[in-house]
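Enquirer: Below are the chains, spelled out letter by letter.
2 protein chains.
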Amino acid sequence: MSTLPKIAWIGLGIMGSPMSENLLKAGYQVTGYTLEQEKLDRLARAGGTAAASLADAVRDADVVITMVPASPQVEAIAYGPDGILENAKEGALLIDMSSITPRTSVDLAKAAAAKGIRVLDAPVSGGEAGAVEAVLSIMVGGEQADFDSALPIFQALGKTIVLCGPHGSGQTVKAANQLIVAVNIQACAEAVVFLEKSGVDLKAALDVLNGGLAGSTVLTRKKDNFLQRDFAPGFRIDLHHKDMGIVTDAARAVGAALPVGAVVAQLVASLRAQGDGGLDHSALLRAVERLSGQQV
Amino acid sequence: MSTLPKIAWIGLGIMGSPMSENLLKAGYQVTGYTLEQEKLDRLARAGGTAAASLADAVRDADVVITMVPASPQVEAIAYGPDGILENAKEGALLIDMSSITPRTSVDLAKAAAAKGIRVLDAPVSGGEAGAVEAVLSIMVGGEQADFDSALPIFQALGKTIVLCGPHGSGQTVKAANQLIVAVNIQACAEAVVFLEKSGVDLKAALDVLNGGLAGSTVLTRKKDNFLQRDFAPGFRIDLHHKDMGIVTDAARAVGAALPVGAVVAQLVASLRAQGDGGLDHSALLRAVERLSGQQV
Numbered sequence: 001m002s003t004l005p006k007i008a009w010i011g012l013g014i015m016g017s018p019m020s021e022n023l024l025k026a027g028y029q030v031t032g033y034t035l036e037q038e039k040l041d042r043l044a045r046a047g048g049t050a051a052a053s054l055a056d057a058v059r060d061a062d063v064v065i066t067m068v069p070a071s072p073q074v075e076a077i078a079y080g081p082d083g084i085l086e087n088a089k090e091g092a093l094l095i096d097m098s099s100i101t102p103r104t105s106v107d108l109a110k111a112a113a114a115k116g117i118r119v120l121d122a123p124v125s126g127g128e129a130g131a132v133e134a135v136l137s138i139m140v141g142g143e144q145a146d147f148d149s150a151l152p153i154f155q156a157l158g159k160t161i162v163l164c165g166p167h168g169s170g171q172t173v174k175a176a177n178q179l180i181v182a183v184n185i186q187a188c189a190e191a192v193v194f195l196e197k198s199g200v201d202l203k204a205a206l207d208v209l210n211g212g213l214a215g216s217t218v219l220t221r222k223k224d225n226f227l228q229r230d231f232a233p234g235f236r237i238d239l240h241h242k243d244m245g246i247v248t249d250a251a252r253a254v255g256a257a258l259p260v261g262a263v264v265a266q267l268v269a270s271l272r273a274q275g276d277g278g279l280d281h282s283a284l285l286r287a288v289e290r291l292s293g294q295q296v
Numbered sequence: 001m002s003t004l005p006k007i008a009w010i011g012l013g014i015m016g017s018p019m020s021e022n023l024l025k026a027g028y029q030v031t032g033y034t035l036e037q038e039k040l041d042r043l044a045r046a047g048g049t050a051a052a053s054l055a056d057a058v059r060d061a062d063v064v065i066t067m068v069p070a071s072p073q074v075e076a077i078a079y080g081p082d083g084i085l086e087n088a089k090e091g092a093l094l095i096d097m098s099s100i101t102p103r104t105s106v107d108l109a110k111a112a113a114a115k116g117i118r119v120l121d122a123p124v125s126g127g128e129a130g131a132v133e134a135v136l137s138i139m140v141g142g143e144q145a146d147f148d149s150a151l152p153i154f155q156a157l158g159k160t161i162v163l164c165g166p167h168g169s170g171q172t173v174k175a176a177n178q179l180i181v182a183v184n185i186q187a188c189a190e191a192v193v194f195l196e197k198s199g200v201d202l203k204a205a206l207d208v209l210n211g212g213l214a215g216s217t218v219l220t221r222k223k224d225n226f227l228q229r230d231f232a233p234g235f236r237i238d239l240h241h242k243d244m245g246i247v248t249d250a251a252r253a254v255g256a257a258l259p260v261g262a263v264v265a266q267l268v269a270s271l272r273a274q275g276d277g278g279l280d281h282s283a284l285l286r287a288v289e290r291l292s293g294q295q296v
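For the protein sequence lines, the chains are L and F, in the order given. Going by full-length UniProt numbering, 187 is the number at position 187 of the first sequence; the sequence numbering is gapless. Going by full-length UniProt numbering, 255 is the number at position 255 of the second sequence; the sequence numbering is gapless.
Do not rely on the hints blindly, as some may be mistaken.
A pair holds if it fits inside one copy or across any two, identical chains being indistinguishable in the list.
Said to hold, decoys possible - DSS-like mimics (lysine-lysine), calculated; alpha carbons at most 30 Å apart, straight line:
1. K159 <-> K223
2. K159 <-> K197
3. K159 <-> K203
4. K110 <-> K25
5. K110 <-> K197
6. K110 <-> K203
7. K203 <-> K89
Treat the hints as calculated values from the structure; they're not laboratory data. All values reported here derive from a predicted model rather than from experimental measurement.
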């Protein structure tokens, strides 16, 4: 007889499916809900239970985990008569692992507290591969006691697990992550175009650059994308566009200036407007190439 | 009796002094010249020879190495009746390790060729510590044969030594290095202000960020500068201002757009204008703090 908490998992997409399966492997009972039958079937085959409705999924759960695309989806599943707050039991812990605006996380925590439901925001980085291999970085906002009680669950999903501060802090750190990643890609993109137009051996140059103070994880992981103009995702411009919206909104809310982040947000938006939303975010190189008169 | 080439070293500043001493340690004869007697005395104490003039220093040299602050100084010592090109012997190799505009390096190589003098541009990164410990990164532009003949000298000065392309390519890669470093610092600075204003535990946040795709050598080496507002140089804003001028000029010359590099160049210039030119370049954090209404 298991003493592990019963888990409801809402949202079984590219990230949610492998993550929920990692909980099954760790011995948890997982009841899942999403709108696609095929994803529910996959969960059932992996040993989970497919619920017929959101309310059914969460009713008996000790822990409800949500992993959906953006703030509107989190609000849609949290609120209303059929939502999580109305149907989860008092004392349940709601862990939202979606990447959304910090403000939405703070509001959700307040609304949930009124129902006796505790909340953690816990967005991740590491992508599909990190989800499958259970090596995600998990950035958490909320109360220490709730973090402590959720830690065994997080440890079945990721490797670097950090409580960053009060409600919304996980989302804030995730937003900062996306800001730095986009700007660092842009730095490389500008350097690549400058180096190539100057007639330099690009591969030799990127190797020596990555060995010094200009080195970065972006340069290490995206070097081949730059060299080969291979922009198969990876992490899509469409998603980074969403995230640049989150970080610029969140920064505006707290009065933090992002003079460079704002420019990069525009370049990401411009790529999307030109039909490149499905490409990997290293395709910021294309934006710089176009600005530099190259036909791409 | 030594068969090593005789070396003239011009410019014995923070970088030039320890670098020339590393050549003495490696067994080279080094004759030095600079404008400060105390630096000449230091070279003599280390086993080198102090020349009374630039012409005297270079007259018998097989290899002339220059390490001076910027393009005007390189032009001042290279050209004119008392300069290197007029006084070095035919067949000598001139290695300019200063960080200057690629255009100046290309022009110098042409003018030198007319005198039978070969040239390499070979700027470095790694700072004073890298110079002292002989672990500099050396980015070289010029002919393969000249690179090959200079390699033993470079190996006495640095660790990562790369021929990046034709004349000027070393300067181009160094310029790209300074571009990426400044932009990556700016990315961190914007993230830090955003995180702090959002009430996040900054140290925890920077640790988790550095472990993922947002990680960089800048974040690793400058994290404590950000956390403690410690802006003791390090690499001074004044010097990075010079370098942002080089990269924006060089990019303009080849038609490469630097939409983000140009903004960061402005922020560096603004710090300098506000009297912060003597601070470490991590002080870009101050620029973002001021833009965000903080009194610093």
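Enquirer: For each hint, tell me whether it holds in the structure or not.
Expert: Hint check:
Taking the shortest Cα distances, K159 and K223 sit within 30 Å of each other both inside one copy (25 Å) and across copies (22 Å). With identical chains, the CA atoms of K159 and K197 are at most 30 Å apart between copies only, with a shortest distance of 27 Å across copies and 41 Å within one. Proximity of K159 and K203 under a CA criterion of 30 Å is satisfied inter-copy only: 18 Å between copies versus 32 Å inside one chain copy. Taking identical chains as interchangeable, the C-alpha atoms of K110 and K25 are never at most 30 Å apart, the minima being 33 Å within one chain and 68 Å between chains.
Taking CA atoms no more than 30 Å apart as the test, K110 paired with K197 passes between copies only; the shortest distance there is 20 Å, against 54 Å inside one copy. Proximity of K110 to K203 under the C-alpha cut-off of 30 Å is restricted to the inter-copy arrangement: shortest distance 26 Å between copies versus 52 Å within a copy. In this assembly of identical chains, the alpha carbons of K203 and K89 never lie at most 30 Å apart, being 57 Å within a copy and 36 Å across copies at closest.
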